Each structure stands twice: as structure tokens, then as C-alpha cells.
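Asks: Sequence:
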Amino acid sequence: MPIGGVTIVRIHEKDTDTEEFINIARVSKAACNKHNVPILIIDRVDVVLAIGVHGIHIGQTGMFVSQAQALLPKDSIIGVSCNNVQHVKQAIEDDVDYIDIGAVWGTQTKKPTNPIIGVRGIGEMLETLKGSSIKSIEIDRKPLIYPLSKPTGGIKASNLLGTLFGTVSSTGHALDGIAVVSEILASQNPKDATQKLVKIFSGSRPEHGRILDGVQNFTNHIRKTRLLVHQITNNVVATQSANITLVLGTSPVMATGPEEMEDLERITGTLLINIGTLMVASVGGMRKAGYYTNAFRKPHVFDPLGVGPARRKFV
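Residue numbers (our numbering): 289 to 603.
Heads up, some of the hints might be wrong.
[Unchecked claim] Derived DSS-like pairs: lysine-lysine, alpha-carbon spacing no greater than 25 Å straight-line:
| id | residue 1 | residue 2 |
| --- | --- | --- |
| 1 | Lys-479 | Lys-322 |
| 2 | Lys-487 | Lys-322 |
| 3 | Lys-576 | Lys-317 |
| 4 | Lys-362 | Lys-317 |
| 5 | Lys-444 | Lys-512 |
| 6 | Lys-362 | Lys-377 |
| 7 | Lys-487 | Lys-423 |
| 8 | Lys-377 | Lys-418 |
| 9 | Lys-377 | Lys-322 |
| 10 | Lys-512 | Lys-576 |
| 11 | Lys-362 | Lys-322 |
| 12 | Lys-317 | Lys-418 |
| 13 | Lys-302 | Lys-317 |
| 14 | Lys-423 | Lys-484 |
| 15 | Lys-576 | Lys-586 |
| 16 | Lys-423 | Lys-377 |
| 17 | Lys-512 | Lys-322 |
| 18 | Lys-302 | Lys-444 |
| 19 | Lys-444 | Lys-362 |
| 20 | Lys-512 | Lys-484 |
| 21 | Lys-479 | Lys-444 |
Quick caveat, the hints were computed from the structure, so don't treat them as lab data. These numbers come from a predicted model, not from an experiment.
Given these sequences and hints, build the entire structure.
Replies: Printed below as a string of C-alpha cells:
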């Protein structure tokens, strides 16, 4: 694997003269060849043929895939951008090698030409790939190589893990990769930035067996440590929360008095606050419990409710 961890590079020079574009691509190819990293050119099949790179990426406003397949060598990599299910279906019909799914996040660098699909919008598109061998990657709004002067929106180390876990599908399909721009190119240390992204991506895809083993180990740990779990919940779920806690092998404490919280949080293992429709009488205990849980460095879960059934109970 290359030093930083990038496994493919895409080059896009939208406003560059052809000669300059070819020179940029040729220098990039020489650098990538040293690390056996393939290069794709976005939309410009003439540049692909001029310097003999590994393939082309085609946007929705680019040439037809069939035209690229006719012009390029048989072993060329061909990818396309997809922003909706219909795009994915067309990519399957065209028998491409991979698809970009996005954009997931917005950016201030480039005016969007398609709707931002968001994290949850990816699942339906992944499900459409069922039965095909096409790989899928999640993209920043911009191509992988693009001149930038400052960090912009898109896929970052700060949102990558949540994004990957949110891109679920009923068919079990997951993203095969990510395409990132500013998080790498705007970094003072691109290698470190890339390695961080690779680590997050690799760690987000445990095998099925490892997930089951992890759940079992976690359950065994809970039962062994016999945690005391402090719960301040609404009346609707109080009984269920207590029963589930007992079934898991831990003990619930349901105290709500503010004057008890300092002593309680010293001995409890964790805190759950489920406010439901917030009652004024509960606020003092919740605040004190949260304060002392933080003070004693204990883990806690806060389950809020934004809107109650009555105007006076809007939180």
C-alpha cells in the first residue's frame, strides 16, 4: 500500500488548457507509478489516451459510457457519478467498474449541480446494486485532485465514521471506498490526514463474526462488573428501562432528588436521562445528575424529546 494509504487518484482540471492538463497528468502519473497507484482522468478521454493512464471517470454531463468503452483499451477502469437510483440503474446497464455516490455533504467551494443526497439517501442507491459486481464509493462534492486554498465542506475525519455507519442498506451492501479532496489537500500534513481517514474507514467495517463476538464480550463484561445504572426517565418507560437493566445483569437506581445526586454518582457506573415530556419537578435532579456524572468522569446517555403535546411543555 502507498505511504499515505490512497489507493487511486483522480485528476480534474476543468478550466485548464489541454496541453497544461496533459503535463499535470503526466507528472502525476510518474509520481503515482512509483507507488503503483492508478490514475483516472475525469471526463477527458483525450487526456487518458494521450498519456496512457488507467481509466476515466465520467460525470452525468460527460460523454456516454459506451463511447468511452469503444475508445479506451479493454482493461481500462471506467467509473461514473450517481446522484439517484436511476443513475445507478444506468451504470449497471452500462457495466461500469464503480460508481460515485454523492454528494453526501455540501461545500462552499463548488456550486452544486445536483441535490445533496445526505447520509440516509445512500442506502436506496446501494440496494440497487444487488446482484451486480459494481463497487461503490462515497464522494466529497469535488474530484479527488482539485486545487484548493482552504478547507471546505465534504467528507472529513470528523464526519466520516458517522457517515459510514449511517449509509446502511437492507441488502447488506456497504460502501467500498471514499473519495476525499479538501481534508487531504488542505492539510499541512497530507500523509497524516490520509492515514487518519484510512484508519477510520478500515475500522468501520468489522466482519459479521467480529460484531457478534463483540456483543458477546460486551454482555459478559457487563454481567461480570455488575454496574449500578442510574436512570432518570419519564414515567412511560421507567418500568421497561429498569427491567431491561436487570435482564442485562446490572442494577437500576431510579432516584430523582437533586440532594442525592453527588453521593449517587460517586458509586454508579453510568447515567441515563430520558426526559420524555419534560416536567419542571425533574429538571433539578437531571441537572445535578449530569453535573456530577461529568465531574466524576462517568459515561452517560441523554435521550431528549424536542416537542411535547402541550405548548407549555415545548423544550
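Asks: Taking only the CA atoms, is the gap from Lys-479 to Lys-444 under or equal to 25 Å?
Replies: holds (14 Å)
Asks: Is Lys-512 within 25 Å of Lys-484, Cα to Cα?
Replies: violated (34 Å)
Asks: Between Lys-302 and Lys-444, does the CA-CA distance stay at or below 25 Å?
Replies: Given pair Lys-302, Lys-444 holds - Cα atoms ~24 Å apart, limit 25 Å.
Asks: Checking one constraint from the list: CA of Lys-487 to CA of Lys-423, max 25 Å. Satisfied?
Replies: Distance ~20 Å between Lys-487 and Lys-423 Cα, so the pair holds.
Asks: Between Lys-479 and Lys-322, does the CA-CA distance stay at or below 25 Å?
Replies: Holds, at roughly 16 Å.
Asks: Are Lys-444 and Lys-512 close enough, with their CA atoms no more than 25 Å apart?
Replies: violated (38 Å)
Asks: Check whether the Cα positions of Lys-512 and Lys-576 lie no farther apart than 25 Å.
Replies: violated (29 Å)
Asks: For Lys-576 and Lys-586, compute the direct alpha-carbon distance and say whether it is at most 25 Å.
Replies: holds (13 Å)
Asks: With a cut-off of 25 Å on the C-alpha distance, tell me whether Lys-377 and Lys-322 pass.
Replies: violated (36 Å)
Asks: Run the distance test for Lys-423 versus Lys-484: straight-line Cα separation, threshold 25 Å.
Replies: Measuring from Cα to Cα gives roughly 22 Å; hence the hint holds.
Asks: Is the straight-line distance between the alpha-carbon of Lys-362 and that of Lys-377 25 Å or less?
Replies: Status holds; Cα separation ~22 Å.
Asks: Would you check the hint for Lys-512 and Lys-322, treating anything up to 25 Å between C-alpha atoms as holding?
Replies: Outside the cut-off at roughly 52 Å; violated.
The earlier numbered hints that this structure contradicts are 3, 5, 9, 10, 12, 17, 19, 20.
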